[in-house]
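If you're matching them up, the sequences are chains X and Y in order.
Under this note's numbering, the first sequence has 98 at position 97, and the numbering climbs by one with no breaks.
Under this note's numbering, the second sequence has 224 at position 217, and the numbering climbs by one with no breaks.
None of these hints come from the bench; they were simulated from the model.
Among the hints, a few may not be true.
[To be verified] A short, non-exhaustive set of chain X residues, derived as facing chain Y with CB atoms under 7 Å: (1) Ser8; (2) Val9; (3) Pro24; (4) Ile117; (5) Ile123; (6) Ser127; (7) Thr140; (8) Leu183.
If you're wondering where the values come from, they're calculated on a predicted model, not measured in any experiment.
Heads up, the beta-carbon is just placed ideally off N, CA and C, and yes, glycines get one too.
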Amino acid sequence: MKKNNRSVSERRDRMLGVATGLPAIILLCIFTVYPVFYLIYRSLFDGSLISPKKKFVGLDNYVEILSSETFHKVLMNTIIYTVLFVGLTMVLAIIIAVWLNGTRQKKLGNMVQACIFTPHVISMVSVSIVFLWLMEPDTGFFNMIITKLGLEKYPFLSNPKTAMISLVLVMVWKSVGYYVLLVMAALQTVPKSIYEAAELDNTSKFRTFFKITLPMISPTILFTCVVASIASFKIFDAVNVMTQGGPVDSTNTLVYYIYAYAFRLGKPGIACAAGVVLLVLVCIMTYVQFGVSKNKVHYQ
Amino acid sequence: MESYNRDIALHKLGRFMNAALKVVVILIFIFPFYWMLSTSLKDLTEALQFPPTLIPSSLHWENYAHVFEVVPIAQYFRNSVIVSLAVLVLQYLIIVPAAYSLSRHEYKGKKLFFGLVLLGQMIPQQITFLPVYFMFSKVKLLGTLLPLILPFISNPFGIFMLRQYFMQIPQEVIEAAKLDDASNLKIMFKVMMPMAKPALVTIGLLSFISTWNSYFWPLIMTSSESLRTLPVGVAALKSSETLQMWHIIMAGNVVLVLPILIVYLVASKRIRNSFAYSGIK
């Protein structure tokens, strides 16, 4: 009798578990699993955005993008952007975090931290528009400073040579506070006793940083770099608001390319094929992320 | 004695330089916001004047009235509020039971479900948007706000974080509640939810901020003016009829930034902790 009771309650427990999970399972299937498969399937078809008619073309869409010079440039731009953004942001974040972590002016230090973090919670649209205005070639604030210094006005975003780096700098300004936060959290995990030992040995601050701090936080830094790279692949908002991929495709990145092909040029087949390329990139980086995060646990 | 005095002077100078550098950094991060506000209060001539004035010579609050006339910004605002609040509230109905199921029940396929949650965190919107667009177009829902809400209420990050929290609650606490004949629902509301309050707040804050700021998704899913959210509407300000009218564009921008800025000013520390948690996981 008792045994029977137990199995009944166990069954009820199981049923309840499935029932409470079901809404989330269904939604995740509809909005994550199905779209991934449909993206791959749709990349094998031609057709337009509006009409449901489509024609099977096999791998033609892939052949078209992989042999297109624009697409090569787009991939290159995405990689350049990622390397510049992740590199600059992480170096700055480490410097600022170590600086703020060791400061005795706690109040001012907290204020700095709160201020650098502010852009991270603000919409990318707002940030893009403000910087578009600051970088305006004729009447912008940055050009006022440049002319005050006795130099010529400079069209930051409309020159293909500087458009990308301008974009990177805006993104660094927006995100660096977030990464400072993560690095500071990592700094907290370094045991104080190690620093005390170094102090007893009269180790210089410079040496302490390179021999103790950096190695101790490097697993976290590596993990953060991978996550930041995945985020960088997805850059779109700033590109669409500030440059529309121009001038001459110098800021055309992968997601902007996908968007433009789907909604401006009306070729969703090409867009889906490029989407699959993004999917592959994200998968590779996620695989790397798992490898790196195992490392992270090991070190701690 | 003299070298001692010199050391003190050097030390003081160092502290001063350090403080000065901090002020410079603060200015670098505050100035663009000031510039936005200041431009939004200038008139057209002053806004386009070169070199620009640092402080508006007179305050033109009517720019804000003007931006409400040029574009239906009140409508955008309403859409943004509806979407952000709908996602914020509805997601709890999905993620709390899901996290409970993952942390406290045993059944076949649970591992698969958890895998699904991880997959949901991994696959970005930039990959799913086209198929989802086709889907909503097929069921003729593109003319509604649903495409901006439904895909986000099964927030996989939220499920993941809540599950971690629920799993930390000792089994004895739940057994004790069960001995008191508490129903599953009661255990959920009286035991689990209060203990997971920090996680619930974190999930809510992050979700609200990201939905409010979202640009890519609503840009794709809304084609009619009446469905646009603030970021899409404000981004469109810089084209078309307001071209070069930076004082009007900035006024619109202030409307977009202000609600989040207020939330941030009120709960700065809490928000930073939330982001730190989500970044480290």
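Each hint tested on the structure:
For X/Ser8, the interface hint is violated, since its Cβ never comes within 7 Å of a Cβ in chain Y; the closest pair sits about 13 Å apart. The interface hint given for X/Val9 is violated, since its Cβ lies 15 Å from the closest Cβ of chain Y, which is over the 7 Å cut-off. A distance limit of 7 Å between C-beta atoms decides the matter here; for X/Pro24 the minimum to chain Y is near 5 Å, and the interface restraint holds. At its closest, the beta carbon of X/Ile117 sits 5 Å from a beta carbon of chain Y; the interface hint therefore holds under the 7 Å criterion.
Interface restraint check for X/Ile123: the shortest CB-CB distance to chain Y comes to about 6 Å, inside 7 Å, so the restraint holds. Look at X/Ser127: its Cβ gets to within about 5 Å of chain Y, closer than 7 Å, so that hint holds up. Taken as an interface hint, X/Thr140 checks out: its beta carbon lies about 4 Å from the nearest beta carbon of chain Y, inside 7 Å. Restraint check, X/Leu183 versus chain Y: the minimum CB separation of about 5 Å is within 7 Å; hint holds.
The earlier numbered hints that this structure contradicts are 1 and 2.
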